[in-house]
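Top to bottom, those sequences are chains D and R.
Following my numbering, the numbering of the first sequence begins with 35 at its first residue and continues without gaps.
Following my numbering, the numbering of the second sequence begins with 35 at its first residue and continues without gaps.
Worth flagging that the hints you see were computed from the coordinates, not collected in a lab.
Heads up, the beta-carbon is just placed ideally off N, CA and C, and yes, glycines get one too.
There's no promise every hint is true.
Anything over 10 Å on all C-beta distances counts as not near chain D; from chain R, calculated [claimed, not checked]:
| no. | residue |
| --- | --- |
| 1 | R77 |
| 2 | A185 |
| 3 | E200 |
| 4 | S218 |
| 5 | A254 |
| 6 | Y347 |
| 7 | G372 |
| 8 | R387 |
Below, simulated EDC-like cross-link-like pairs (lysine to aspartate or glutamate); rule was C-alpha separation at most 20 Å, straight line [unchecked claim]:
| no. | chain 1 | residue 1 | chain 2 | residue 2 |
| --- | --- | --- | --- | --- |
| 9 | D | K211 | R | E215 |
| 10 | D | K211 | R | D180 |
| 11 | R | K128 | R | D153 |
| 12 | R | K278 | R | D305 |
| 13 | R | K294 | R | D333 |
| 14 | R | K211 | D | D191 |
| 15 | R | K211 | D | E215 |
| 16 | R | K211 | D | D288 |
| 17 | D | K211 | R | D191 |
| 18 | R | K233 | R | E366 |
| 19 | D | K128 | D | E85 |
| 20 | R | K128 | D | E126 |
| 21 | D | K105 | D | E215 |
| 22 | D | K128 | R | E366 |
| 23 | D | K105 | D | E343 |
| 24 | R | K233 | R | D89 |
| 25 | R | K211 | D | E200 |
| 26 | D | K211 | R | E366 |
| 27 | R | K294 | R | E343 |
2 protein chains.
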Amino acid sequence: MRAIELHELEALAIGAGILGTGGGNHPHLELLCARAAYAAGKRAQLLAPEELQDDMRIAVLAFMGAPLVTKERLPEPISACRAVRLMERHTERKFDAVMSVEIGGENAFLPLLVGMELDLPVVDADAMGRAFPEAQMASFAIRGLDVYPFALADIRDNEVLIAKAENALWTERLGRKAAIELGSIAGTCAAPRSGAEVKAHGILGSTSRAIRLGDIVLDARRRHEDAVAAILAAGDGALLLRGKVIDVSRRTTDGFVRGKVRIAGEGRTLDIDFQNEFSVARLDGEIIACVPDLITVLDAETTEAIGTEVIRYGQRVAVVALPADPIMTSPEGLHTVGPRAFGFDFDYRPFARRGHAGVPS
Amino acid sequence: MRAIELHELEALAIGAGILGTGGGNHPHLELLCARAAYAAGKRAQLLAPEELQDDMRIAVLAFMGAPLVTKERLPEPISACRAVRLMERHTERKFDAVMSVEIGGENAFLPLLVGMELDLPVVDADAMGRAFPEAQMASFAIRGLDVYPFALADIRDNEVLIAKAENALWTERLGRKAAIELGSIAGTCAAPRSGAEVKAHGILGSTSRAIRLGDIVLDARRRHEDAVAAILAAGDGALLLRGKVIDVSRRTTDGFVRGKVRIAGEGRTLDIDFQNEFSVARLDGEIIACVPDLITVLDAETTEAIGTEVIRYGQRVAVVALPADPIMTSPEGLHTVGPRAFGFDFDYRPFARRGHAGVPS
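Generate the whole structure from the sequences, applying the supplied hints.
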C-alpha cells in the first residue's frame, strides 16, 4: 500500500480521460475535489491487487447517471459514502477497501474521494479497463458473478437498494430509473466483491495505468514534445489518423449521447460512431477499430482526451486505438460489450497494431 | 380473531368497490383468487384492532402500479409475499400480521391472499379508508410516521428496497418509478408498523365496514330492492344525484387516468372530475362534494360501484357521497388529500348530509 502523491492526481485525471474513450467525462472537478482533500492533509492510499487478502471485502463504486449533471452539481463523495454504508448495513459486513467500476473518466476519482472520507484504501483495479455506458458491462457481471445487492444514494436523504435482480440487465434497468429519479445522478455501491473475486475477475492495475499514461502526457508537455507516440508505445496502441474534425452530429436519446464525428487528414476520412463512448471507427468506409477496444480522440496540442459531448468542428486531433482487456474480448465479454451489444451488425475485429513508426512528429 | 367466511368474500368485493370511489379497480379477479384458496381449505383470519398488542409488527401491503395491468396479468400474492420477506430480512424482525394500505378496490384483498400464504392474520384496518392514487396519502404518512423502508418485488426475481427517503413524496416517486420498471405492477410492503401505531393512526374496522356495505347490497339484491338508501344510512352518506351518464372524457397521463364524467337526471347536471378516483362533484356548477370525502358512482341496477376506467355513456347510475375518516379531514390530512393536493383551487368543504329522505325508491 502506498499513498498516491499530490502530483499524481493530475496524471490520473489525464490518464482517466484517455481511458474514458470519449465518455465518462473529464474528471476536472473531481481533480479539484481530490486536491482540496489533499490540501486538508488527507491522502488516498493505493492497494496493489497482490496485497488483497482473499476474504477482504471491496466496495465497487460509481456515479450513475448523466455526466452532464455533474457539471452543474459539483461532484461530492457523500452520496457514494452513504451507498457504501447502506450496503454495509444491509449485508451486515464492513468493507476493507474501495475500487471504481470504471477507470475511464470521472469515476476514476470516486474511490479516492470516498476512500479518504471513510479511511479505506483504493484497490489498484477496476471492472472495465475503460468507460462503458451501462452497469452490466463490468467484468464481474461478464464473468457471471451476482450483480446484487446494488445500493444508490443521493445528496438528500434518499437511499435505494436493489436487493435482488433477475440478471445484470435488470440491475442496470432498475438502478438507472432510480438514478434518473434522484436527479440523474446517484452515488452507487455495486455488489460487494471479495479480494479473491477482484484478483480473479477484476481488471488489475488500472489506476497505475491511468497515472502512467497521464505522466507520459505531462512529461511530453514539459519538453514541448508530442506525446502520442509514447502513449501508443506504453499502451500497445495504434494511431488511426491525425486530422481535423470536419463534422459532428450528436443527439441525446434514452439517457445517452449518441452520434458520429468525421475527421479528415492525410487525404483520408475517419468516421467514428459513439454512444457516450466512441464505439466504431471507419477509415474511408472500412472498419478499422471497434468496441470493446478503446478509441480515443486526443487534442493535437495538449494530447488530452476530447469527450463525445464536447468534440466540435475544427479541432485538430490524433485518433488512437488501445487494446481492450482480454476479459472484454472473450466470447462472454463480446456478448456484452462487442459491436452487436451496441447495435452494430458485425462481429468484433481487433485493430491492426501498426503505424507506430509512421506517427508524424 | 375470527375466520372470514366464504360468503363474506363477495360482500368484501362489493364493499371494497364502493369504498374504492371509482379507483383501485373492482377486485373481481382477487375474489376468484381468494375463493380458490378457500376451496383449497385455507381461511383468512381477521384480527380486530383491539386484539393488537402494542409491540406487534404489522406489514402494510399494496399492489402499486397501473390497475389495468392486473387485468392482463392475473393477480397473485407471491410478489407481495416476497416484499414482506425482503422487509423482514432487512429489518431483522418477523411480522405478526398484515393489513392493506387501502380498503378501496383490489388492495382490499391483498392482505387476505398474503395472509393465507404466509399464515398471518389480517388486521381489520387500513390507512386510507377508501382508495387514493398515491402512497403518501396514507394515514401513517399524514400523521408523520416514517415512510421507509419500503419494499417492492415482482413475479420475476427482482426486489427493490427504498431504504431511506427524504419524505413520503420521495417514497412515492422512487417506488412509483421502480413499480413502472417492474412492469407497471409490483407487490409492495410499506414501512413496518407497530400494533400501537396501527391503533393510534390506522383507519380501524375498514374490512368489516366493506363487508357490511357489500352485505347490504347482496341483501337488497336478494329481495329485489334498491340498496342505495340502506348504503346511505349505514355509511352516513348522501345521495348526490340519480341519472344517466351523458358524457365521459378520459385520458391517461403521468401514470394516472384523469378526466370528467357528466350525469344528467332529475332535470339537473352533475359533473365529476377524477384522477384514478372521483375527486370533485359539481351539481349545476356548484361544488357539492370533494376529496377526501368519498364520491361513488353506483350502477342503478346492481348497486355495484363503477370505476373511472370503465364508466361509459348511457349507464344509469346513483351517485353517492360518504364521509372521509377524520384523519383525512384534519388540517394535516387536507394538506395531503384535500382538493388542493389534487390540483384544485379551492378548500375542502364537507358534503351536506341531506337527501336520505328524498331518495327515490
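Checked hints:
Annotated as non-interface, R77 (chain R) keeps its C-beta farther than 10 Å from every C-beta of chain D; the closest such distance is 31 Å. The claim that A185 (chain R) lies off the interface is violated: its Cβ sits roughly 8 Å from the closest Cβ of chain D, which falls inside the 10 Å cut-off. At the 10 Å boundary, the C-beta of E200 (chain R) falls inside the reach of chain D, the nearest C-beta of that chain being 4 Å off. Distance check for S218 (chain R) against chain D: the nearest CB is about 12 Å away, which clears 10 Å, and the non-interface claim stands.
With 10 Å as the threshold on Cβ separation, the claim that A254 (chain R) sits away from chain D holds: the shortest Cβ distance comes to roughly 47 Å. Non-interface status of Y347 (chain R) relative to chain D is upheld: no Cβ of that chain comes within 10 Å, the nearest being about 38 Å off. At the 10 Å boundary, the C-beta of G372 (chain R) stays outside the reach of chain D, the nearest C-beta of that chain being 26 Å off. For R387 (chain R), the condition that its CB be more than 10 Å from all CB atoms of chain D holds, with the nearest at approximately 43 Å.
For the hint linking K211 (chain D) to E215 (chain R), the alpha-carbon distance of about 8 Å falls within 20 Å, and the restraint holds. Annotation: proposed proximity of K211 (chain D) to D180 (chain R) is violated, straight-line Cα distance about 23 Å (limit 20 Å). Distance restraint check for K128 (chain R) and D153 (chain R): the Cα-Cα separation of roughly 12 Å lies within the 20 Å cut-off, and the hinted pair is therefore satisfied. Distance restraint check for K278 (chain R) and D305 (chain R): the Cα-Cα separation of roughly 12 Å lies within the 20 Å cut-off, and the hinted pair is therefore satisfied.
Restraint check: the Cα-Cα separation between K294 (chain R) and D333 (chain R) comes to about 17 Å, which is no more than 20 Å; the hinted pair holds. Distance restraint check for K211 (chain R) and D191 (chain D): the Cα-Cα separation of roughly 17 Å lies within the 20 Å cut-off, and the hinted pair is therefore satisfied. This hinted pair checks out: K211 (chain R) and E215 (chain D) have alpha carbons roughly 7 Å apart, not beyond 20 Å. Distance hint between K211 (chain R) and D288 (chain D) is fulfilled; the C-alpha atoms sit about 16 Å from each other, no more than 20 Å.
Restraint check for K211 (chain D) and D191 (chain R): the C-alpha separation of about 17 Å stays at or below 20 Å, so the hint holds. Of the supplied pair hints, the one linking K233 (chain R) and E366 (chain R) holds, its CA atoms being roughly 18 Å apart against a limit of 20 Å. Taking the CA atoms of K128 (chain D) and E85 (chain D), the gap is near 18 Å; set against the 20 Å cutoff, the hint holds. At roughly 18 Å between alpha-carbon atoms, K128 (chain R) and E126 (chain D) fall within 20 Å of each other, so this suggested pair holds.
Simply put, K105 (chain D) and E215 (chain D) have alpha-carbon atoms about 18 Å apart, close enough for the 20 Å limit, and the pair holds. With a C-alpha separation of about 41 Å, the suggested pair K128 (chain D) and E366 (chain R) falls outside the 20 Å cut-off, and the hint is violated. At roughly 12 Å between alpha-carbon atoms, K105 (chain D) and E343 (chain D) fall within 20 Å of each other, so this suggested pair holds. The suggested pairing of K233 (chain R) with D89 (chain R) holds, with an alpha-carbon distance near 11 Å, which does not exceed 20 Å.
For the suggested pair K211 (chain R) and E200 (chain D), the alpha carbons sit about 18 Å apart, so the restraint of at most 20 Å is met. Note on K211 (chain D) and E366 (chain R): the hinted pairing is violated, with a Cα-Cα distance of about 31 Å set against a maximum of 20 Å. With a CA separation close to 11 Å, the supplied pair K294 (chain R) and E343 (chain R) stays within the 20 Å bound.
The structure is inconsistent with the numbered hints 2, 3, 10, 22, 26, although it conforms to all the rest.
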